[in-house]
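Participant: Read left to right, the first sequence gives residues 1375 to 2174 (the working numbering).
It cannot be assumed that every hint is accurate.
Restricting the straight-line Cα-Cα distance to at most 27 Å, the calculated cross-link-like pairs of lysine-lysine (DSSO-like) are [as the list claims (entries may be wrong)]:
{"#": "1", "residue 1": "1616", "residue 2": "1698"}
{"#": "2", "residue 1": "1556", "residue 2": "1675"}
{"#": "3", "residue 1": "2031", "residue 2": "1966"}
{"#": "4", "residue 1": "1474", "residue 2": "1493"}
{"#": "5", "residue 1": "1537", "residue 2": "1753"}
{"#": "6", "residue 1": "1690", "residue 2": "1702"}
{"#": "7", "residue 1": "1478", "residue 2": "1491"}
{"#": "8", "residue 1": "1508", "residue 2": "2077"}
{"#": "9", "residue 1": "1556", "residue 2": "1666"}
{"#": "10", "residue 1": "2023", "residue 2": "1930"}
{"#": "11", "residue 1": "1930", "residue 2": "1391"}
{"#": "12", "residue 1": "1966", "residue 2": "1985"}
{"#": "13", "residue 1": "1982", "residue 2": "2147"}
{"#": "14", "residue 1": "2031", "residue 2": "1410"}
{"#": "15", "residue 1": "1597", "residue 2": "1632"}
{"#": "16", "residue 1": "1913", "residue 2": "1556"}
{"#": "17", "residue 1": "1740", "residue 2": "1898"}
{"#": "18", "residue 1": "2031", "residue 2": "2041"}
{"#": "19", "residue 1": "2090", "residue 2": "2031"}
{"#": "20", "residue 1": "1478", "residue 2": "1616"}
{"#": "21", "residue 1": "1487", "residue 2": "1509"}
{"#": "22", "residue 1": "1966", "residue 2": "2077"}
{"#": "23", "residue 1": "1985", "residue 2": "2031"}
{"#": "24", "residue 1": "1862", "residue 2": "1410"}
{"#": "25", "residue 1": "1508", "residue 2": "2162"}
{"#": "26", "residue 1": "1508", "residue 2": "1913"}
{"#": "27", "residue 1": "2014", "residue 2": "1785"}
{"#": "28", "residue 1": "2147", "residue 2": "2031"}
{"#": "29", "residue 1": "1985", "residue 2": "1410"}
{"#": "30", "residue 1": "1537", "residue 2": "1556"}
{"#": "31", "residue 1": "2076", "residue 2": "2095"}
{"#": "32", "residue 1": "1862", "residue 2": "1449"}
The hints are simulated quantities; they were obtained by calculation from the structure and are not laboratory data.
These numbers come from a predicted model, not from an experiment.
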Amino acid sequence: MPNRYSPQEVEYDIYAKWMESGYFTPENLPDLEDRKESFTISLPPPNVTGTLHMGHAVMLAIEDAMVRYARMSGKRALWLPGTDHAAIATESKVEKILIKEEGKNRHDLGREKFLEKAKAFAQDSHDTIVNQMKKMGTSVDWTREAYTFDDARNLAVRTAFKKMYDDGLIYRGERIINWDPKGQTTISDDEVEYIDGKTPFYYFQYGPFVIGTARPETKFGDKYVVMHPDDKRYAQYEHGQKLDLEWINGPITATVIKDEAIDMEFGTGVMTITPWHSVVDFEIAERHNLDKEQIIDLNGKLLAVAGEFAGMHIMKARPEIVEKLKSKGLLVNVDEAYGNRIATAQRSGGIVEPQILKQWFIDVNKEFEYRQSKRAPIKGLDDGQKATLKQLMQHAVRQGGIEILPDRFNKTYFNWVDNLRDWNISRQIWFGHQIPVWYKGEEIYCGIDAPAGEGWVQDEDTLDTWFSAGLWTFSTLGWPNENSEDLKIYHPTSVLETGYDIIFFWVARMILMSTYILGEVPFKTVYLHGMVRNEDGSKMSKSSGKVIDPLEMIEKFGADATRLSLLVGATPGNDMKLSEDKISSFRNFTNKLWNISRFVFMSVKEVKNVKEVRSETLDDKWILAEFSTLVSEVTDHFEKYQYSMLGEKLREFTWNKFADVYLENAKVQSGQTTNEILLFILERLLILWHPFAPFVTEEIYKKFDSGMLMIQNWPKSPECKMTEAETRQFALKQSIIERVRLVRAEKNLPWREQININLYGAGDIQDQDAVLKQRLKLDEISWVAGEKPQIEIAEEKYDL
RNA sequence: GCGCGUAUAGCUCAGUUGGUUAGAGCGUUACAUUGACAUUGUAAAGGUCUCUGGUUCGAGUCCAGAUACGCGCACCA
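Between the sequences and the hints, there should be enough to build the whole structure, so can you do that?
Facilitator: Rendered as structure tokens:
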């Protein structure tokens, strides 16, 4: 055994051995029939667009620890891997490459050819990220690997869609949606990101009123002027009253509308509405049954209604429109520093323009007949009772058995669900599950497969990537085959571990889909980890150039050190700052563990499994008692998902107790019993560490020559407790060591210089003579009878 | 606007149900070193647990308020 642990030299081979063993597949685990309880995690599938980053690394570290612990504690442990096709993200990436390399956009290429390209790209990207996941030590069952866009998942998607369609939960409607002109697709409310910005805010004369707006370019068609019914300032005007006034492109007739949605405090308390391009305005228009007119086309250019401005891009037109209104004497005032939020598309960065379009939606407020799962019923719900999707989502978390960690995210979850609107699921992109609906003239058909007969044309739109992701926990376990063995054994899954940033996108959608389709929860516990940040607290992003690359860290310090740095000192829901220093300190630890083992192996004659031990000396008893406590604490922390605490306790024991005290003493006190204890504890310590640091522990464990560490049984606490008298003695001994050191330092007595100490009244620890001499570098200790424990050093007495 | 979080050593953070003298890692300083390990060891320095008030025999921990920073959500035109 070399005197340093070199992760680079062993990690690859160890992973290969694990793969070869087949133990990542739960069916191959030893004593399968005894593994009554299953433990399942669905891996949050990484997108096939990029490479492994620290966000993935923290997820893999935590989940691998969970699964390895479950596997070692006798559960039928399944960690099911996969990747996500990430519809919009992948499509835009592929199109970018296409434009760069061939100077063509996707339309130039055509749907079929573009999809071929996208698939090739996704496959490539998939292979990269899968290899990178392996470097982290990820113990997923690769034989069950899934992809959100493969045939099996496509069948699941079509089946789910049809079921929802038949229940009336999916409908097609002309509604206001978020249009991304850059990505040329609609996006859901959750995919809109708001950026704080400053825009000039204009006040214009609109007949007798002054209206405020940040978007003059939308105002061409505004023929309704809205105010609050209780606003005394405008009491003279009546709802429905018509007014003739001069506007951008000439005289128009405006209609007064009174609506309570108006904030009297804001601006002048009067506004004109543009129902086609504003959600609020749309809703006002719906309430009063007003006309709606499109002003801006899907490319962000003004339509014919804009008159002389028609065909201009809104950004270019805006200042010119303001100029024209000014020249007509209609510009009253400009507030230059108006703070507003600009809605952008999460993926493309395009500025979102509300538009009215015919799209597919999931109705979250429509009642349907709830079907209870027989296998894992949700408490408090009856088979056949009426419920809405929103109610199911609320119920599942409130009382149906989903626990969210940390607790405070319950509020976040409910806040989101309570305000949920219908979910726009159709996208105008190509890379995704095509909507299983066909049209022929006025006829419409929704089915799992295309309808028979000629002339049917399938809907061109594809589904939001989160639709297929919502099915993930069960589409990966054989559904829609309801009789799938996997589904019976592994669903509901045990834990869903992911970042808190996708609680809405994914966690909530999985709850929606699973409770609706299966009538059971998708998982029992949600563990939300925080974001990994740079040392200065900034986000790790490619654009800022500040990224700690997990692969680089693995190369430099080893996968174990990288994993440990992400597990220790991090608590659920809280962001963590990561530095290279932190990772290197854990590299030091893995080396320490390596050298502890080396010492143990060099001390004993024969490396073997020690089933039971007895203690001879005070040190033996102490270390066994400490170890006993450690095992129960570590087990408890694993059960409660307290990884930071767990890691610190393990490190404290390993380094400060086992190495610094017991091993030091063992150098003096070597004997058969000591050796057995060394082996006994080391072997179990490797097991305890394994879920956190699988590589170094597996490598060391080879010396025991008893199979793979990854399937060894989780240890039980050895029965060992110190009596009060023994605890006192041990403390006495420690205080002797401490006292001598202190006095030596105080009196400047060099370590090599022999001093004499006399110990009074400490006769009951005389058997520690050799240990004390070694630890204190003394040749002689005199034991003297005395009343109270005292120590005499260089002719001065100190109490102990 | 509504909601949430964080504030503990120079830095990064733990601190489970309130209970002796508040911990760790990194960093700093001193000393040690042919030894399992310099990726080491022994020690030291370093804290008004943000502030104010309350509950309690007892508060870093519970409650109320304040301050600072951060985050999420929202239909202020």
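Participant: Looking back at the hints listed earlier, which ones does the structure fail to meet?
Facilitator: Hint check: 13, 14, 20, 21, 25, 30, 31 fail, others pass.
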